[in-house]
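> Please model the complete structure; the sequences and the hints are all you need to start from.
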Amino acid sequence: MIKVLLFAGMQERAGTNELELDEDRLLISEIKNALQKKYDFPQMFQGCLSAVNEEFADDDTEVTSGDTVAFIPPVSGG
Amino acid sequence: MKSFEIVTEPILVQDIIDKVIRADAGAINTFIGTVREMTLGKRTTYLKYEAYVPMAEKQLAKIGDEISARWPGSNTAITHRIGSLDISEVAVVIAVSTPHRVESFDACRYAIERIKEIVPIWKKEHWDNGEMWVGDQLEKVSYSKGHPESEEDKND
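Protein chains in written order, with UniProt numbering: chain A, 1 to 78; chain B, 1 to 156.
Please keep in mind that the hints were generated in silico from the structure rather than gathered at the bench. Any given hint could turn out to be false.
In silico lysine-lysine, BS3-like type, Cα no more than 27 angstroms apart, as pairs [as the list claims (entries may be wrong)]: (1) B:K124 / A:K32; (2) A:K3 / B:K19; (3) B:K2 / A:K32; (4) B:K58 / B:K2; (5) A:K3 / A:K38; (6) A:K3 / B:K42; (7) B:K124 / A:K3; (8) A:K38 / B:K62; (9) B:K42 / A:K37; (10) B:K62 / B:K2; (11) A:K3 / B:K58; (12) B:K48 / B:K62.
Owing to the predicted nature of the structure, the values given are computational and were not obtained by experimental measurement.
Below is the structure:
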């Protein structure tokens, strides 16, 4: 089980802040493609960063069951 | 007492200063980020901040580490508030203490710029007739290298 967290506009678009993918291993890019197909995000992950277990990660990072993936649209704190 | 914190209650500025005050510091610089009413001609009625809290606190601590490496002898504390904030309420407080004044200004400026690059916090502006997540609209910000570098958000 891979946990996926969504925030801000992506969370609103998906209608949920958390998803669980019943897979043992996936690439970040594969998760993006699956979510884009499912939710049709207007920004198509443009400018969106990825994190695995609270650390920034790249598209070709492989995640395994038990990992938490977060998609981080452009930040605007401060 | 956490030096890098995301909170939901109003921030007391003195509390953040107290975290960095020490005998070998001759300067403490503070930055207070507040909710602005007018942005690009639009009147904000209130703001809502959201964060990926555990990662945001880690990233704030990372900024503290970067400051310690760049300005030896400095001490940093940052608190960012999330939830609904009204006009003029305090959203973020940064305090940096250093042996001498020049470094405290530079380090404090560095901290707020880095917050806008690497800390997973999002701001939603609410107006009388609408709302918008700042940052993910109009593709104002993009990360061509797949991670934050030094892009400026013009609507910050």
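> Look at each hint and say if it fits the structure.
So, going through the hints one by one against the coordinates:
1. B:K124 / A:K32: With Cα atoms ~24 angstroms apart, K124 (chain B) and K32 (chain A) stay inside 27 angstroms; holds.
2. A:K3 / B:K19: violated (35 angstroms)
3. B:K2 / A:K32: violated (35 angstroms)
4. B:K58 / B:K2: holds (11 angstroms)
5. A:K3 / A:K38: Since the Cα atoms of K3 (chain A) and K38 (chain A) sit roughly 16 angstroms apart, the hinted pair holds (cutoff 27 angstroms).
6. A:K3 / B:K42: Violated, at roughly 38 angstroms.
7. B:K124 / A:K3: holds (25 angstroms)
8. A:K38 / B:K62: With a Cα-Cα distance of about 34 angstroms, the restraint between K38 (chain A) and K62 (chain B) is violated, given a limit of 27 angstroms.
9. B:K42 / A:K37: violated (34 angstroms)
10. B:K62 / B:K2: At roughly 14 angstroms apart (the allowed maximum being 27 angstroms), K2 (chain B) and K62 (chain B) satisfy the hint.
11. A:K3 / B:K58: holds (19 angstroms)
12. B:K48 / B:K62: This hinted pair holds, its Cα atoms lying about 24 angstroms apart.
The structure fails to meet hints 2, 3, 6, 8, 9 from the earlier list, while all remaining hints are met.
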